[in-house]
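Please take these sequences and the hints and turn them into a complete structure.
For the protein sequence lines, the chains are A and B, in the order given. With this note's numbering applied, the first sequence covers 1 to 295. With this note's numbering applied, the second sequence covers 296 to 555.
These aren't lab readings, by the way, just hints derived from the structure by calculation. Just to be clear, a hint being listed does not mean it is correct.
[What the hints assert, rightly or not] Some but not every residue of chain B turned toward chain A, in silico, with C-beta under 7 angstroms:
id, residue
1, Val399
2, Ala409
3, Gln449
Quick caveat: nothing in here was measured; it's all calculated off a predicted structure. Beta carbons are placed, not taken as given, at the ideal position from N, Cα and C, and that holds for glycine.
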Amino acid sequence: MIESPTIAPPQASMPRVLRRGMAANPLLTVGGALVLLIVLVAIFAPLIAPFPGDAGTATHPFEVLKPPSTAHWFGTDQVGRDILSRVLFGARVSPVIAIIVLAIASLIGVPLGLAAGFLGGWVDELIMRVTDVFLAFPPLLLALALAAVLPASLTSLTIAIAAVWWPWYVRLIRGQAASVAGRPYVEACRALGVSRLRIIFRHILPNSITPVLVQVSLDVGGVILTASALSFLGLGAQDPVPDWGLMVSAGQSYFTPDWWLVTFAGLAILLTAFAFNLLGDGLRDLLDPKRSFLP
Amino acid sequence: MTGLGRLAISDLQISFGSRQVVSIDDLRLDHAEILGLAGESGSGKSMTALAILGLAHTVGATVTGSIALDGQELTGLPQESLRDFRGRRIAAIFQSPSTAFNPVYRVGTIVTKALRLHGATKSEASDRAAAAMRQVLLSPDLMRRYPSQLSGGQLQRVAIALAVALRAEILLADEPTSALDVTVQAEVLDLLRELRESIGMSILFISHDLAVVAELCDRVAVMRQGLILEQGPASRVLSAPAHPYTAELLESVPKLASAT
Numbered sequence: 001m002i003e004s005p006t007i008a009p010p011q012a013s014m015p016r017v018l019r020r021g022m023a024a025n026p027l028l029t030v031g032g033a034l035v036l037l038i039v040l041v042a043i044f045a046p047l048i049a050p051f052p053g054d055a056g057t058a059t060h061p062f063e064v065l066k067p068p069s070t071a072h073w074f075g076t077d078q079v080g081r082d083i084l085s086r087v088l089f090g091a092r093v094s095p096v097i098a099i100i101v102l103a104i105a106s107l108i109g110v111p112l113g114l115a116a117g118f119l120g121g122w123v124d125e126l127i128m129r130v131t132d133v134f135l136a137f138p139p140l141l142l143a144l145a146l147a148a149v150l151p152a153s154l155t156s157l158t159i160a161i162a163a164v165w166w167p168w169y170v171r172l173i174r175g176q177a178a179s180v181a182g183r184p185y186v187e188a189c190r191a192l193g194v195s196r197l198r199i200i201f202r203h204i205l206p207n208s209i210t211p212v213l214v215q216v217s218l219d220v221g222g223v224i225l226t227a228s229a230l231s232f233l234g235l236g237a238q239d240p241v242p243d244w245g246l247m248v249s250a251g252q253s254y255f256t257p258d259w260w261l262v263t264f265a266g267l268a269i270l271l272t273a274f275a276f277n278l279l280g281d282g283l284r285d286l287l288d289p290k291r292s293f294l295p
Numbered sequence: 296m297t298g299l300g301r302l303a304i305s306d307l308q309i310s311f312g313s314r315q316v317v318s319i320d321d322l323r324l325d326h327a328e329i330l331g332l333a334g335e336s337g338s339g340k341s342m343t344a345l346a347i348l349g350l351a352h353t354v355g356a357t358v359t360g361s362i363a364l365d366g367q368e369l370t371g372l373p374q375e376s377l378r379d380f381r382g383r384r385i386a387a388i389f390q391s392p393s394t395a396f397n398p399v400y401r402v403g404t405i406v407t408k409a410l411r412l413h414g415a416t417k418s419e420a421s422d423r424a425a426a427a428m429r430q431v432l433l434s435p436d437l438m439r440r441y442p443s444q445l446s447g448g449q450l451q452r453v454a455i456a457l458a459v460a461l462r463a464e465i466l467l468a469d470e471p472t473s474a475l476d477v478t479v480q481a482e483v484l485d486l487l488r489e490l491r492e493s494i495g496m497s498i499l500f501i502s503h504d505l506a507v508v509a510e511l512c513d514r515v516a517v518m519r520q521g522l523i524l525e526q527g528p529a530s531r532v533l534s535a536p537a538h539p540y541t542a543e544l545l546e547s548v549p550k551l552a553s554a555t
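As structure tokens, this is what we get:
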């Protein structure tokens with residue numbers, strides 16, 4: 001694992017940096033490949049699913065609760081739908097919700113956190129106290145309350161989860177930004193006549209974004225689980241939508257002896273969360289300028 | 296006093312709330328002069344540099360009095376116009392070069408961006424950056440490296456190259472050699488002397504190390520507790536100090552046993 005300190009060829013282009021990162025960090029490669037696989041499944045679900053109609057409103061009364069077989073690899077559910085098809089189509093629901101939620105949460109949380117950490121003073125106080133109010137509620141309860149007010153749909157679900165997710169990112173990036181703001185190179189920038197906005201976006205942001213990036217990829221699993229919980233309570237995805245969380249919830253009452261209802265949807269959630277975690281860890285190692293040159 | 300001086304400080308007071316930390320009646324830096332500002336830590340040397348850059352407010356201090364560059368008053372100017380002076384006319388280098396560079400950018404990017412910020416075109420910026428690197432005896436190839444891939448001495452040279460490339464008239468050097476080992480320190484000092492000769496740069500050299508100050512500076516001002524106790528030609532101040540504190544500082548410079 002020991003590498004010479006200056007392995008980087010001076011003219012390293014971006015693809016080369018990526019290649020080097022992948023060679024040094026096989027987990028990143030595995031995580032990236034799995035995420036790519038999930039994306040491909042989401043795109044080509046109608047082509048690879050054996051019974052595309054089963055992801056919708058189709059029911060097959062004579063095929064109910066069949067165990068895994070050559071015709072139905074993952075078995076069938078309580079209304080006779082092919083679980084493999086539904087799991088494949090599920091890649092279009094939960095992961096997409098998770099990515100939208102996290103994008104919204106980052107777009108709100110990162111600028112607020114940067115402003116609080118870098119500017120300090122009353123701006124910091126104001127932003128952090130508002131954030132504290134949001135953090136004072138148990139996140140699931142707050143999301144539940146919001147989702148209950150809004151009409152039950154995937155859009156409401158997304159808004160409700162994003163609304164409870166952003167305060168964590170404000171906290172995370174504020175601490176980083178405040179510590180980076182005190183570093184000598186920020187002072188050096190000021191001494192060079194660099195404007196405040198430029199310092200924030202070119203110097204503070206790149207040096208404080210890494211923990212958020214890692215947290216975001218780790219949170220993909222968390223958002224999928226939260227969305228599943230809300231769907232389970234009837235506040236998110238509604239039945240024919242092939243949501244993994246919803247499938248797990250609905251399959252619970254059949255778990256013994258019909259274990260396949262819960263298991264395959266659960267494995268899909270597990271695989272997705274795992275893939276994004278690997279990607280997040282790998283990205284952290286790749287992006288951290290100090291770590292990437294150390295053994 | 297020799298003429299107006301390039302940088303003239305008079306009646307400068309820096310305070311945190313009601314507590315005054317620096318009070319300077321008169322301090323001048325002439326064209327192509329190296330002025331040493333010596334004193335123990337906490338004596339207000341770095342605060343003075345920060346005030347000259349117009350950045351004292353970022354640490355919560357207030358500044359009154361006059362700081363003039365070629366006769367133009369700097370105190371009281373709005374930040375937008377001060378940004379023009381910082382870097383372009385007054386540059387600064389700091390104690391710890393390894394933390395004075397943002398680790399996420401290549402050093403060449405940092406140098407050329409700074410030049411672009413002060414109005415150079417893209418090709419002009421890279422030409423001037425390369426020329427400045429050669430002037431501080433570094434290969435322009437090093438510009439493609441990241442700060443973590445350069446040594447402290449190399450980085451301090453890059454910082455000086457940046458000031459050269461910006462064609463700064465005044466360089467505030469805040470303990471620029473304190474974090475470097477002795478041989479590298481000597482190289483950096485040579486470089487500063489050479490810049491004074493070749494492009495007439497005026498340097499305010501801040502240091503607690505009287506041995507270095509004696510070697511480099513034309514004139515010396517000795518500070519303690521925010522006051523300038525004495526100033527004058529380096530040879531005079533350091534050989535026949537007028538103030539007991541200067542003598543005390545000189546006493547504290549460690550000497551090789553055989554030399555005494």
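* Asked: Which earlier hints turn out false for this structure, listed by number in ascending order?
  -> 3
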